[in-house]
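> Single-letter residue listing:
2 protein chains.
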Amino acid sequence: MNKNSKAAAVSMENLLRIFTVPEAPGSTLSRLENDISANLAGFLQDHIVAEETDLVKIERDFSDSLIPEQPVYVSEQAQFLLDKVVAQSVHTSSPSFVGHMTSALPYFMIPLSKIMIALNQNLVKTETSKAFTPLERQVLGMLHRLVYEQPDEFYDRWLHDSHHHLGAICSGGTVANITALWAARNRAFGPDGDFPGITRSGVFAAMRHYGCEGMAVLVSERGHYSLSKAADVLGIGRDQIVAVETDGQNRIRPDALRAKLKQLQQQNIRPFALVGVAGTTETGNIDPLDQLADIAEEHGIHFHVDGAWGAPTLFSERYRGRLKGIERADSVTIDAHKQLYVPMGVGLVLFRDPSALSSIEHHAQYIIRKGSKDLGSATLEGSRPGMAMLVHSALKIIGRRGYAMLIDNGIELAQRFADRIESLDDFELVSAPELNILTYRWVPAQVQAALRDADVARSIEINEVLSRITRIIQKTQRELGKAFVSRTRLTPDRYAHHAITVFRVVLANPLTTDEVLCYVIDEQREIVSTLADSEDFVELARLTSASTD
Amino acid sequence: MNKNSKAAAVSMENLLRIFTVPEAPGSTLSRLENDISANLAGFLQDHIVAEETDLVKIERDFSDSLIPEQPVYVSEQAQFLLDKVVAQSVHTSSPSFVGHMTSALPYFMIPLSKIMIALNQNLVKTETSKAFTPLERQVLGMLHRLVYEQPDEFYDRWLHDSHHHLGAICSGGTVANITALWAARNRAFGPDGDFPGITRSGVFAAMRHYGCEGMAVLVSERGHYSLSKAADVLGIGRDQIVAVETDGQNRIRPDALRAKLKQLQQQNIRPFALVGVAGTTETGNIDPLDQLADIAEEHGIHFHVDGAWGAPTLFSERYRGRLKGIERADSVTIDAHKQLYVPMGVGLVLFRDPSALSSIEHHAQYIIRKGSKDLGSATLEGSRPGMAMLVHSALKIIGRRGYAMLIDNGIELAQRFADRIESLDDFELVSAPELNILTYRWVPAQVQAALRDADVARSIEINEVLSRITRIIQKTQRELGKAFVSRTRLTPDRYAHHAITVFRVVLANPLTTDEVLCYVIDEQREIVSTLADSEDFVELARLTSASTD
Chain Y
179 MNKNSKAAAV
189 SMENLLRIFT
199 VPEAPGSTLS
209 RLENDISANL
219 AGFLQDHIVA
229 EETDLVKIER
239 DFSDSLIPEQ
249 PVYVSEQAQF
259 LLDKVVAQSV
269 HTSSPSFVGH
279 MTSALPYFMI
289 PLSKIMIALN
299 QNLVKTETSK
309 AFTPLERQVL
319 GMLHRLVYEQ
329 PDEFYDRWLH
339 DSHHHLGAIC
349 SGGTVANITA
359 LWAARNRAFG
369 PDGDFPGITR
379 SGVFAAMRHY
389 GCEGMAVLVS
399 ERGHYSLSKA
409 ADVLGIGRDQ
419 IVAVETDGQN
429 RIRPDALRAK
439 LKQLQQQNIR
449 PFALVGVAGT
459 TETGNIDPLD
469 QLADIAEEHG
479 IHFHVDGAWG
489 APTLFSERYR
499 GRLKGIERAD
509 SVTIDAHKQL
519 YVPMGVGLVL
529 FRDPSALSSI
539 EHHAQYIIRK
549 GSKDLGSATL
559 EGSRPGMAML
569 VHSALKIIGR
579 RGYAMLIDNG
589 IELAQRFADR
599 IESLDDFELV
609 SAPELNILTY
619 RWVPAQVQAA
629 LRDADVARSI
639 EINEVLSRIT
649 RIIQKTQREL
659 GKAFVSRTRL
669 TPDRYAHHAI
679 TVFRVVLANP
689 LTTDEVLCYV
699 IDEQREIVST
709 LADSEDFVEL
719 ARLTSASTD
Chain R
179 MNKNSKAAAV
189 SMENLLRIFT
199 VPEAPGSTLS
209 RLENDISANL
219 AGFLQDHIVA
229 EETDLVKIER
239 DFSDSLIPEQ
249 PVYVSEQAQF
259 LLDKVVAQSV
269 HTSSPSFVGH
279 MTSALPYFMI
289 PLSKIMIALN
299 QNLVKTETSK
309 AFTPLERQVL
319 GMLHRLVYEQ
329 PDEFYDRWLH
339 DSHHHLGAIC
349 SGGTVANITA
359 LWAARNRAFG
369 PDGDFPGITR
379 SGVFAAMRHY
389 GCEGMAVLVS
399 ERGHYSLSKA
409 ADVLGIGRDQ
419 IVAVETDGQN
429 RIRPDALRAK
439 LKQLQQQNIR
449 PFALVGVAGT
459 TETGNIDPLD
469 QLADIAEEHG
479 IHFHVDGAWG
489 APTLFSERYR
499 GRLKGIERAD
509 SVTIDAHKQL
519 YVPMGVGLVL
529 FRDPSALSSI
539 EHHAQYIIRK
549 GSKDLGSATL
559 EGSRPGMAML
569 VHSALKIIGR
579 RGYAMLIDNG
589 IELAQRFADR
599 IESLDDFELV
609 SAPELNILTY
619 RWVPAQVQAA
629 LRDADVARSI
639 EINEVLSRIT
649 RIIQKTQREL
659 GKAFVSRTRL
669 TPDRYAHHAI
679 TVFRVVLANP
689 LTTDEVLCYV
699 IDEQREIVST
709 LADSEDFVEL
719 ARLTSASTD
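Protein sequence lines, in the order shown, are assigned to chains Y and R.
Straight run, no breaks: the first sequence in the working numbering ends on number 727.
Straight run, no breaks: the second sequence in the working numbering ends on number 727.
Same shape as in the complex, but just chain Y (with noise of 0.2 Å):
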C-alpha cells in the first residue's frame, strides 16, 4: 500500500472541502445525489416488501469494527449504502407491509427533510434555532387544540409563553409516555413544608416523607411495553405498574379497576397515575375514557392516555367519538411517525395544563436560563433536531379534512376485511377492528367445528398446533417478501384465556387496498397448501378427528 498518495488524500483542504456548500448543479455532489433520487425512486416503486436474505448473511457486510485510517470517497460509500443497505432494507411503505406501525411516508417528506437536515438547527435552545422554536410551540398549539379544543383566548395567552408549555416534543411515544409518568410523579409528591419534593430528594425520600409503602400506576394489561420500561427507568418499579384486567374487546374493565385502587389502598401504596390506552399496539382497542377519567378525577391522580397510535382518530368526524373522555386527560401521548405520516424519530406529550411540565423543570448557566423561550428547559431529552418542521409541513399540506380521509379510510377496509375473513370458512377473526388494526388467523372449518366442541384441555391442544402453524405460515410469508404480517399472543375469551398465536395486521398506508389484503390471504393459504405433511398438520388432524370421537 503506498501510504504517502493514501495521506495525502486526508490533507486539510480535502477535510474543508467537505464542510463547503459545492456549486450547484454540475457538482459531483449533486450527480451524486440525482443517482441516489434515482435508486431510491426505484426501490420505493418496487412493491415487494423485503428481499428475504438472512440476517447473518447481511452481517458480513458491517463486521469490520476498525474504523478505516483512511477516508473513502463519498461515491463509494454511497454506492455501498444502495447495494448493501438499501437493497437489503424492508420497504416499510409498500401496500402489502401491513404488520407493523411503520407505514406509508408522504413524498414530500424527503424534499422538504433537506430543509431540516442541511439546517440542523437544535431545538434546546432559542440561540440554536430560532424561528424553529416559535414552529414548534405552534406545532404542540395545533395539536393541543385538537385534543383538548380550548378557546382561541387560551392559544393566544399560552402558545408563546416562556414559562409555560402545552407539551414537549421528543423521538417518540416512549419518551413521551416517560415524560408524562414522570411530570405526574414529580407533581404528586412535590414540595410540602420542609419536603423539598421528589425532584431534589428522589423516591425513596418521597415515600418516607409521604408515608406511603410505594407508588404504582395503572393501566389495563393491554398497556404498551413502555410504560412498563418507564416504572422501570423512573423508580417505580416495573412490578408497581398495577396490571388491569380487559373485557372481551382488550378495553379495561372499570369495575376491575376499582378492585384495584381499594386493593392499592389497603396496601397503603400511592397510586399516582392512571394510564388510558387510546389504540392498543396489539388489537387497536380504546379504554374508556370517560370512566377513567371520572375515576382519577375521583381519586385525584393524573389521567394520562396514550394514543400514541389512536390519537389522531380526534381528526375524523365519523370515528372521534371512539375517543370521548381524551379531552378530559391531563396528558396525551401521540406519535407523528405513526399516523401523523411524519418521517421515524418524532413524538409528542401534551398536558392540558400549561404549567404541569414545571414539576420538570430545570436550567443551566449557559442555557435554557430561566426565563428564556428556551425549549429545552422541558424536554428529558437535550439536543434535539427540528422534526417539528416537519409535523407542521404534514399538517399543513395534508389539512385536517386530509387526515380525516386518511383514517377514515384506514378504519373501513379494516372493517372490510374483518367482514371478509368472517365470510371465510378456514380463517378466524381473532379480533375485530375498533380502529384500523385486526387480528385473525387460519383454522379449517373443521377445525373450528371441533374447537366448538371441544373441553379446555382439548381445546389447549388445537390450539397450540394452531399457533405452531400460524408461526410458521407468519414468517414463511415474510420470507416470500411479497406481503408481510406480523403476529402477536392474545388471550381471547372463547379460548379461556389461553394465549394463542395470532396474524396481526396495522392498516395505515392509503395505498394498501381490499385486492392487497386478499392477495395476502390466498397467499397464506398457498402456504399452507405446501404444509400438508408436516408434523403440525399431522397432529392437528390427530387432534381433531379424535374429538369428534
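Check the hints yourself; a few may be wrong.
A pair holds if it fits inside one copy or across any two, identical chains being indistinguishable in the list.
Straight line, CA to CA, 27 Å or less: simulated DSSO-like cross-link-like pairs of lysine-lysine [said to hold, decoys possible]:
| hint | residue 1 | residue 2 |
| --- | --- | --- |
| 1 | K551 | K653 |
| 2 | K438 | K502 |
| 3 | K292 | K660 |
| 4 | K653 | K262 |
| 5 | K235 | K440 |
These are computed hints drawn from the structure, not numbers from a lab.
Given chain Y, work out where chain R should sit, using these hints.
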C-alpha cells in the same frame, strides 16, 4: 369561501398521490426539490450567523393554533418554510458561529440523509430495519474499539451477538447519560435472595432491602446538567448528584472526591456511580480519568465517562493521551452530532462489558422477543430512525485520520486564539483551552490592574460591572448577526470563586480561521467603543479610579 371547490382538493385520489413515488425527474416535486436545494445553498453560503429579528415578531408567523381544514399545496408550504423558517434560522455552520457545540455539517450528509428519510426504517426491530440492524451494531463496535481497543476476537465474538450489546444508540448525549446511569443503578441494586431487584421493585424497596439511607452519583461541579436531570428521572433525586469540587482547571479534585465518598459512607448513602467528564461543557476540561478509575475500582462503583463532547479526541494521536483512563470506564457517552459531525439527533453510550445492558433489557410479545436481534430490547427509546447510517458514513468518509486532523486543528486553533488573547491588554483569558473550548472577557488594562490590587469586596463590585458589560457585548454581537460567541458564568480561583460572566468559544468548525477569530475580537472592541457613555462604564471608571486612591 367556495367550500365545494376546496373540498374537491381533499379527494382520496389526491391523498394517494402524495404517498406515491413521483415520476422523476421532471415532476413538480423534483422541480421543488431543486428550488429548495438552490435556496439552501444560498443560505449556507451566506456567512452571517443570523438575521436579527425579534423573536416576538417571528412568533407572529407561528401563532395560529388551528390545523387548517383544507390542505395547502406542497409548493406553498415549501415557500413558507424558505421565507419564514430558513430565512429566520441560525447559521449554525457559519465559521463565525463559535458559541455552541452545534457546528458545521459535512455537505455529503445532505444527499445521504435522503436515503435514511426515504427508507424510513424503524430500528426497534429487525422486521422494520433489516440491514440497518447489523449496520448499527457495527457502528457501536467501531466506536467501542476506538475507546476500548479490544482485540479482533472480542469484536468477532460480540458484535452481532443477539444476547449482548456493546452499547446503545439514542437521540443524544442526555439519553446516553440516562441510559448509563440507569444500567448502573439496576446493576448496583440487582436481584438478591428474595429481592427481585430494583428493576422490578423500584427505588424504595431497593433502599429498604439493601438497608441504605439513599443512593448517590458523584461528579464534579462542572458536570453537565443532564446528570441532575438523569437523577431526577431515575428517582435518585437531584440533590443526590454529589457535586465534587474542582481545581483551578475545572477538573475534579480526587482528594475532595475521597472526602465525599467517606462522608456518604458515614451517612449510609450508597454511591453507585462516579462520572468523569471528558470535555466539560463550559470550558472543555478533562477530569483525571485514570485516578477516577482507581477510585471507582477501589469502591466497587460504576465508572461512567461523559465524553459527549471530548471522546472523539481519541482519534488524535497527538492529543488522545489527555483522555488516559477512559478505556477503564464501565460506560462512555459520545455525541455523534457534536464532534463526529453527524446531523442533529444522535448520540450513543458504550459499555465495556457486553452484558452490562442486560440490567435494563425488556421484551414484549409482538416485538423485541427474547433472543431476537431486535435492538429495541436494550434502548430507552422505542421506535428509532436509522441515524446510525449517517454515523457509519461519517466514520468511513472522514476516516480515522480525517477526524484526527479535525481534532488537532480545533485544539491548535484554540491554543493560538488563547495566546492571542493573552497578548492583548484589553482582554482577559479566563480558561485556557485543554481541548477546543476557551473562555475570556473584555477587561481593559487599567481595570486588570485595579482588580490585581483590589480586596475581595471591591473585586466583586468590579466583576459585577464587568459581567454586565460582557453580557451586553455578547448580546449586541449576536444581534449584529456577523459572529456569535456564547456566554456562561464561571467561578475562577483568581476571583475567590465568585461568579463572573465570560464569553465562551467552541472551535469545532474547520472553516473557522485565525482571521475569523480576529474579527470576533475586533467587533467586540467596536461594540465596547459604543458603550463609553453607558452607566456601567461610568460605574467601572468610578470603581477602578477609587481603587487607586
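> With reference to the structure, classify each hint as holding or not holding.
Comparing the hints with the structure gives:
1. K551 x K653: between (50 Å within a copy, 15 Å between copies)
2. K438 x K502: Within. Shortest intra-copy distance 24 Å satisfies the 27 Å Cα cut-off; inter-copy 54 Å does not.
3. K292 x K660: Between copies, since 25 Å is at most 27 Å while 31 Å is not.
4. K653 x K262: within (23 Å within a copy, 49 Å between copies)
5. K235 x K440: neither (55 Å within a copy, 53 Å between copies)
Going through the hint list in order, the structure does not satisfy hint 5, though it satisfies all others.
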